[in-house]
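**Student:** Given next are the chains, with one letter for each unit.
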Amino acid sequence: MSYQWNWGVFLQPSASGDDTYLGWMLAGFKMTIGLSLTAWVLALLLGALIGVLRTVPNRALAGFATGYVELFRNIPLLVQLFIWYFVLPELLPESLGNLYKQSNPLLQQFLASMICLALFTSARVAEQVRAGINSLPKGQKNAGLALGFTLPQTYRFVLLPMAFRLVVPPLTSEFLNIFKNSAVCSTIGLLELAAQGRQLVDYTAQPYESFIAVTLAYLLINVTVMFLMHRFERRIVVPGYIGGK
Amino acid sequence: MIQISNVSKHYGAFQVLTDCTTSVSKGEVIVVCGPSGSGKSTLIKCVNGLEPFQSGEIIVNGTSVGDPKTNLSKLRAHVGMVFQNFELFPHMSITENLTIAQTKVLGRGKEEAMDKGLKLLDRVGLKAHAHKFPGQLSGGQQQRVAIARALAMDPICMLFDEPTSALDPEMVNEVLDVMTELAREGMTMMCVTHEMGFAKRVANRVIFMDQGRIVEDDSKEAFFANPRSERAQQFLAKILHH
Numbered sequence: 076m077s078y079q080w081n082w083g084v085f086l087q088p089s090a091s092g093d094d095t096y097l098g099w100m101l102a103g104f105k106m107t108i109g110l111s112l113t114a115w116v117l118a119l120l121l122g123a124l125i126g127v128l129r130t131v132p133n134r135a136l137a138g139f140a141t142g143y144v145e146l147f148r149n150i151p152l153l154v155q156l157f158i159w160y161f162v163l164p165e166l167l168p169e170s171l172g173n174l175y176k177q178s179n180p181l182l183q184q185f186l187a188s189m190i191c192l193a194l195f196t197s198a199r200v201a202e203q204v205r206a207g208i209n210s211l212p213k214g215q216k217n218a219g220l221a222l223g224f225t226l227p228q229t230y231r232f233v234l235l236p237m238a239f240r241l242v243v244p245p246l247t248s249e250f251l252n253i254f255k256n257s258a259v260c261s262t263i264g265l266l267e268l269a270a271q272g273r274q275l276v277d278y279t280a281q282p283y284e285s286f287i288a289v290t291l292a293y294l295l296i297n298v299t300v301m302f303l304m305h306r307f308e309r310r311i312v313v314p315g316y317i318g319g320k
Numbered sequence: 049m050i051q052i053s054n055v056s057k058h059y060g061a062f063q064v065l066t067d068c069t070t071s072v073s074k075g076e077v078i079v080v081c082g083p084s085g086s087g088k089s090t091l092i093k094c095v096n097g098l099e100p101f102q103s104g105e106i107i108v109n110g111t112s113v114g115d116p117k118t119n120l121s122k123l124r125a126h127v128g129m130v131f132q133n134f135e136l137f138p139h140m141s142i143t144e145n146l147t148i149a150q151t152k153v154l155g156r157g158k159e160e161a162m163d164k165g166l167k168l169l170d171r172v173g174l175k176a177h178a179h180k181f182p183g184q185l186s187g188g189q190q191q192r193v194a195i196a197r198a199l200a201m202d203p204i205c206m207l208f209d210e211p212t213s214a215l216d217p218e219m220v221n222e223v224l225d226v227m228t229e230l231a232r233e234g235m236t237m238m239c240v241t242h243e244m245g246f247a248k249r250v251a252n253r254v255i256f257m258d259q260g261r262i263v264e265d266d267s268k269e270a271f272f273a274n275p276r277s278e279r280a281q282q283f284l285a286k287i288l289h290h
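Chains as they are written, first to last, in our numbering: chain A, 76 to 320; chain B, 49 to 290.
To be clear, the hints were calculated from the coordinates, so they are not data collected in a lab. Watch out, some of these pointers could steer you wrong.
[To be verified] Within a straight-line C-alpha distance of at most 30 Å, the following computed DSSO-like cross-link-like pairs (lysine-lysine) qualify:
no., chain 1, residue 1, chain 2, residue 2
1, A, 216, B, 122
2, B, 122, B, 164
3, B, 268, A, 213
4, B, 175, B, 158
5, B, 268, A, 216
6, B, 164, A, 213
7, B, 152, A, 213
8, B, 286, A, 216
9, B, 286, B, 268
[What the hints assert, rightly or not] Selected chain A positions facing chain B (in silico; Cβ < 7 Å):
no., residue
10, 214
11, 225
12, 236
13, 315
14, 316
All C-beta atoms in this analysis are idealised placements derived from N, C-alpha and C, irrespective of residue type, glycine included.
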């Protein structure tokens, strides 16, 4: 094999002229982080809400939440992304659809990607939250109610603080997944990390360097997330409880 | 104080309670006993509405528990309950366990709630443990905290659902002592328990249940001296031997 390694490629001025190829990679890195973090915040909020609804006595609400989870969990991420990006704008009322289609293409890609990742991940977060709540002893809910708490107060003060502590480890893995899943958004042209890597290959014909850099960048993100979540986990430990001291 | 009239409950085809009728007057201590699966825990949970029932009526301090218009949270705030598995909130310190419902439900100030909580903690002999977490206490200590937590709400009556069944034998007495003292002070109490010594010491009446029915409802003297039903005789013969 006569591959010409050239790590200096990153410092060469890029094809667009106003940047280096390293600059392209950094732009993709920032896009991946910005997209994943905003989607994650949304996914956590929505997932917590839907997860709670799955456990409430009201059957209509619980049924709605179950439908939500099954819908977003059982359709491939890629298909969901295409629906958000290509199909949904056509289904909007015409004025709204046109407004969307005339907006900045980058904004369109970003919005579709963010909503898609957020809803897909929220269904998975909801399942973790539901499992956390259901794993608490049934007497905890009764104890909250018996003290005169309303059902929402019982969730707020008694059930959720423990349920969330229990599901921090599985939520960490969803948090890692959202960064990895964001690579799918390159398929609609969003220039995130993976897309920049591919673009680099097209322009420089240096695939090894490009994808090694992309790999290391994803690794850096996820090692950081794991480190932070591990510290967070240690901070919220309950004394005398599993994992506590 | 508590009026239970013709209460029946079923899960699907399974009848859990059949036509239960009894009452607890102010200051009375009632012990409910019976074999497992006889419906005693279910009956006591019906009293504060933790378990719904299909027919009959329960009146607590003038309020109908089964009435859909009743504000159950408001009623429960003044009916203390102690559970078999303590059910302290593991993520809160002992003092937080004692004060949270006082501040969030009764609207008391933080200091007032803390004063009250610590006073009751002292009363159950655990003042030194105020800053610990439930997981750092023994079962008996946790159950005493749970009793203090219920008392902090100034309950008009107390419900005990097998408060000593999950305890190591060594710890049973420390909890029974607290309950005995409470009974002597005139608290209205309904206790599901197998502790016949406790029943003999402080109960006014003993209720014996079997297969969802109240089989005996008698003064403790009559119950222990001469249980009328054969089932209660068998039950007593079995548990009093050791």
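**Student:** Each hint: holds or not?
**Tutor:** The hints, checked one at a time:
Straight-line distance between C-alpha atoms of residue 216 of chain A and residue 122 of chain B comes to about 16 Å, which keeps the hinted pair within the 30 Å bound. The hinted pair formed by residue 122 of chain B and residue 164 of chain B meets the criterion: a straight-line CA distance of about 20 Å does not exceed 30 Å. Distance check on the hinted pair: residue 268 of chain B and residue 213 of chain A sit about 33 Å apart at the alpha-carbon level, beyond 30 Å; violated. For the hint linking residue 175 of chain B to residue 158 of chain B, the alpha-carbon distance of about 18 Å falls within 30 Å, and the restraint holds.
Distance hint between residue 268 of chain B and residue 216 of chain A is unfulfilled; the C-alpha atoms sit about 34 Å from each other, more than 30 Å. A C-alpha spacing of about 28 Å is found between residue 164 of chain B and residue 213 of chain A, which places the hinted pair at or below 30 Å, so the restraint holds. Between residue 152 of chain B and residue 213 of chain A the CA atoms are separated by roughly 22 Å; this keeps the pair inside 30 Å, and the hint holds. A C-alpha spacing of about 35 Å is found between residue 286 of chain B and residue 216 of chain A, which places the hinted pair above 30 Å, so the restraint is violated.
Proposed proximity of residue 286 of chain B and residue 268 of chain B is supported: the alpha carbons are some 18 Å apart, at most 30 Å. With its C-beta approaching chain B no nearer than about 4 Å, residue 214 of chain A sits inside the 7 Å limit, and its interface hint holds. Using the Cβ-Cβ criterion of 7 Å, the hint placing residue 225 of chain A at the interface with chain B is satisfied: the shortest such distance is roughly 5 Å. With a least beta-carbon distance of about 5 Å to chain B, the hint placing residue 236 of chain A at the interface is held under the 7 Å criterion.
Below 7 Å, beta-carbon pairs count as interface contacts, and residue 315 of chain A has one with chain B at about 2 Å; its hint therefore holds. With 7 Å as the threshold, the beta carbon of residue 316 of chain A comes within range of chain B, its nearest partner Cβ sitting at about 5 Å, so the hint holds.
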